[in-house]
Structures are given as C-alpha cells and as structure tokens.
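Peer 1: Throw the hints in and build the complete structure from the sequences for me.
The primary structure of each chain is shown beneath.
Number of protein chains: 2
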Amino acid sequence: MDTRAIGMFDSGVGGMTVYKEVKKAFPKQKIVYLGDTARFPYGSKSKETIIEITRKGIEFLIQKNVKLIIIACGTATSQALEKVKNSYPIPIIGIIEPTVQYIKESHLRKIGVIATHGTIRSNAWEQELKKKIENIEVQNKACPLLAPMAEEGFIDNEIAKLTIHEYLKDLKNIDGLILGCTHYPLFKPLIAKELGSHIEIINTGEKIVRKVKSILKEDTSSVKENVEDEIYLTDTECNFIEVVKKLLGKSEIIEIKKAIV
Amino acid sequence: MDTRAIGMFDSGVGGMTVYKEVKKAFPKQKIVYLGDTARFPYGSKSKETIIEITRKGIEFLIQKNVKLIIIACGTATSQALEKVKNSYPIPIIGIIEPTVQYIKESHLRKIGVIATHGTIRSNAWEQELKKKIENIEVQNKACPLLAPMAEEGFIDNEIAKLTIHEYLKDLKNIDGLILGCTHYPLFKPLIAKELGSHIEIINTGEKIVRKVKSILKEDTSSVKENVEDEIYLTDTECNFIEVVKKLLGKSEIIEIKKAIV
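Respectively, the protein sequence lines represent chains S and Z.
Quick note on our numbering: the first sequence kicks off at 1 and runs consecutively.
Quick note on our numbering: the second sequence kicks off at 1 and runs consecutively.
Source of the hints: derived by calculation from the structure; they are not laboratory data.
Treat the hints loosely; a few may be bogus.
Identical chains blur together in the list; that is why a pair holds if it fits in one copy or across any two.
Taking lysine-lysine and the BS3-like style, the derived pairs with C-alpha atoms no more than 30 Å apart in a straight line are [to be verified]:
| # | residue 1 | residue 2 |
| --- | --- | --- |
| 1 | Lys217 | Lys56 |
| 2 | Lys161 | Lys257 |
| 3 | Lys130 | Lys211 |
| 4 | Lys141 | Lys258 |
Peer 2: Below, the structure is given as structure tokens:
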C-alpha cells in the first residue's frame, strides 16, 4: 500500500473544486495542494509561460513526495499537460481526458465549453472531443471574468449572476456544458439556474475521480485515519480561505502555508 | 520644432483614457500607442515581471522614434517607473507624480486611492502623497476586477455598476478619489453616480497634460495637420476597438497593428 499523498496544482482556488471531489471519493487519502495565487490568472498568459510555471508547480509537488499529480487547472491542462507529462517519473493527469471519456460514454453530443481565454484559444477541448467522439458539435465561449471573480469571492452575488447570464446567453441548443476551468463549479448553482435543468453541467473534478481510481488501483480505504492535507499558496494575501469555506461548507480554519515556487 | 511622436504604453486599453486627454491638449501631436494586451492584466504580476515588460514596451516605442514616453498604466508606473526611467535617453513620465502635484495645489486632503492589487500593494500612491503633502489622509482599495471588466467592454452595464458599488462602499469621509489605474476613467460616470458630486474624481490622464507641456515646451500647434496616430497591440484578439469607440465617441474604425514585443 502506497501511503504517499496525491499532489494537486492550480493557479489559485479553482482546483479546490477538484480537491472536493477527490476527497469525497478517497476520504483517507492525503492531498498536497499547490495554488499559484502569486501568478494568477493563468488564462491570459502565453503558452510558454504556462508550460514553465506548470513545470515549477509539478517539481514543487514531487519534492513533497507525491505519487500522482492532478493538474486541477483548465488552462494548465490545455496548454502544458501534453508537453510536460512525460518528463517526470509519476503519473500526471489533467481535467480534459477523463471528461471527454465521460461524454463519449454518455448520450451528450451538443456540447458547450466555457473556459478562460487561454483555454478557448488553445482549442484543446474541441480537438479532444472531436478526436474521440463522432458527430459531436462544440460551441466555445471564453469567460475571462469568472476565474478572477471566484478568486475575489464573488461567487453567489448579483454581480456573479449577471455576469453568468451575459456569458451564457449566446450558447444555444446544447445538451451539456463543460466547466472548462476548475473555478467554475463554484458558480454551479447560478449556472444551473441560468441554463435550466435540461442541460447537464459537467464538473471536471467529478469525472477525474474514475481516472484517479484506475491509476491508484490499491484500496485507499486502508490508508491511515486523520489525514492532514497540506495546502500551499504562492501568495497568501487572498480570499482563498473565504472561498474554500463556501465551497466545502467547513467552518474550521484551513491552515495555509506559503510556498516559494 | 520636434515633429517626433509621443509614445504611450499601457497593459491594454486603459491608457487610451490618457491618450484622450493628451490628444485634447495637443491635437496636432502624433502619438504612438502600445497596449500590451497579450500580457494583460499587469495588476496580479510580480514587480520583477512588470519591470521586465515595461522595459520591453519602452524599447519598442524608442524604436518608433518617440521624443517622450508616457507610462499610461498605474501598475507599471507604481512598480517599474523609478527603476527604469533613467536608463533611456528620452524623458519617461508616469501617472503618479503629476497627480500628486495637482492634489498638493488643491484643497483636497482626504484622498481615496483605487487601483490594481499590484499598485495598492506597492503603496506607491500613499508614499508619494505623504512625502509631498503634509496632513494628508489616504485610504486604499484594490479593485482587481475593474481593469479586466474594462478590457471586456463591461463599462456601462449593470455588472459594472454593482461591482463599483461593492468596491467603493467602504471608502468613507474622503474629498477626492484618485483613479489609480488608467482603465478606471472608463467607469467615471458610474463612479460619479456612486460617490455623489461632493467628491472630486481625479483622472490621472488630465493631470499628466501639464507635465507633458512642461517637458515639450515648444508650441506643438505648429506640428503638421492630419496626424495619423499609430496604435499597436501585442494581441489583437480583444475588445480594444469597441471600448475605444465608447471612450472617444468615434464611429470610424481605428486601425490596429500587431506588435511583437
């Protein structure tokens, strides 16, 4: 049995939506999380920069002795994952492939993708969807304000509601919507209200769990009790704790450590 | 008479609020503008990065044979100007010093400053105000969503109105508000409505004009007619033209050139 932690990497607080799903599936599995809040947002950065900072994040987590790394960031997955994943001795997975696999096995064939400018420009979602699934239609919409809003803690106010309406109003005739940035599940209640219940909202964090299970294989239920996860941020002057409390519904203070990456 | 252009540099569309004021004062003066839209937003970047990219912007403009450079960006002024301005053979001015000089000569002594995270953290406005003016009180408020909203063209909708209310509601008992990011004059009508007419809203672009006059000295009214300004962006897939049309009230298309910087 491998008691090493799972590593998770995001530009900020968004990856905590993936943390929530992985934790639900593997409650006794230790997680080491790195949020690169000092360099947030990734969505407007160049591909070269994203590759460089994703490598730094991965190397930080490897030093923490993790057995698997989840790139819990849409922009880093779409721009850097393919380029970097084979350079390291442990499995590194992103949010696109497990979600595309889920859609392939579902009835969904008219897909909306919302994500950062960087992810939409990379066209990574559309390429992967069309490569793996026949007769699939894809509509893309960049939503550059949503991740900054999530980092500010504006996830359930009128500003968030109106912004979501503004971004989603042009997506017509879809049966599923991929939340292509891990910050976006924070807005799931507002997005569901905007779209109506006939459109499936696809949270990439939920879909990654099966992939994690297939890689880990062993029964992690036997991992020790009272796991203490470690959360590192590259800049601690932010609303991380406030947003995470809303996400996880926890009242206790989460301990944050400062990371220099 | 020096017929060379004035260079202007910003992270995106914000510096066009300074362009508007300089153009009003010097209608026959050619301007070369560089908006670093590929690297926007600057507000969340490190000081080192901002110094490096400001240098690149300055060097691009110097190659265009300008006689003076205006750093028409609050974040680049606060984080990079002092470090870089003496490395080049032409005058380089920012938005802070001319505005502080204006306040010193006014009756205003209870000042609010709104700006990006980077500018507020640098404390550049408060330091300069307190160094130059006795008995001045300063309240700072970072407004990280406003510049991204301006780049999206959300400058006169309900989302912008609510966001401005959210950010400004805590500024109490001020007699003047410095718009410490050049994007913010785009929201001036909404900010004026939120604050009421008893608080002076200070547009740094207006205050920079006197400084430009003092440097240029010569009578630019004799510069040739039909000036064609040049506008360069490092990424042209953006809402620049749409926002500029709202700002300048122009209906004609502005020609944008792509710059690699």
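Peer 1: It remains to establish, for every hint, whether it holds in the given structure.
Peer 2: Quick rundown of the hints versus the structure:
In this assembly of identical chains, Lys217 and Lys56 lie within 30 Å of each other by CA distance solely inside one copy; the values are 28 Å within and 50 Å between copies. When the C-alpha separation of Lys161 and Lys257 is checked against a cutoff of 30 Å, the pair qualifies neither within a copy, at 32 Å, nor between copies, at 36 Å. Within a single copy, Lys130 and Lys211 get their C-alpha atoms as close as 20 Å, which meets the 30 Å cut-off; across copies the closest is 57 Å, which misses it. In this homomeric assembly, Lys141 and Lys258 come within 30 Å of each other (Cα to Cα) only across copies, at 24 Å, whereas the closest approach inside a single copy is 34 Å.
Violation of the numbered hints given earlier is confined to hint 2; every other hint is satisfied by the structure.
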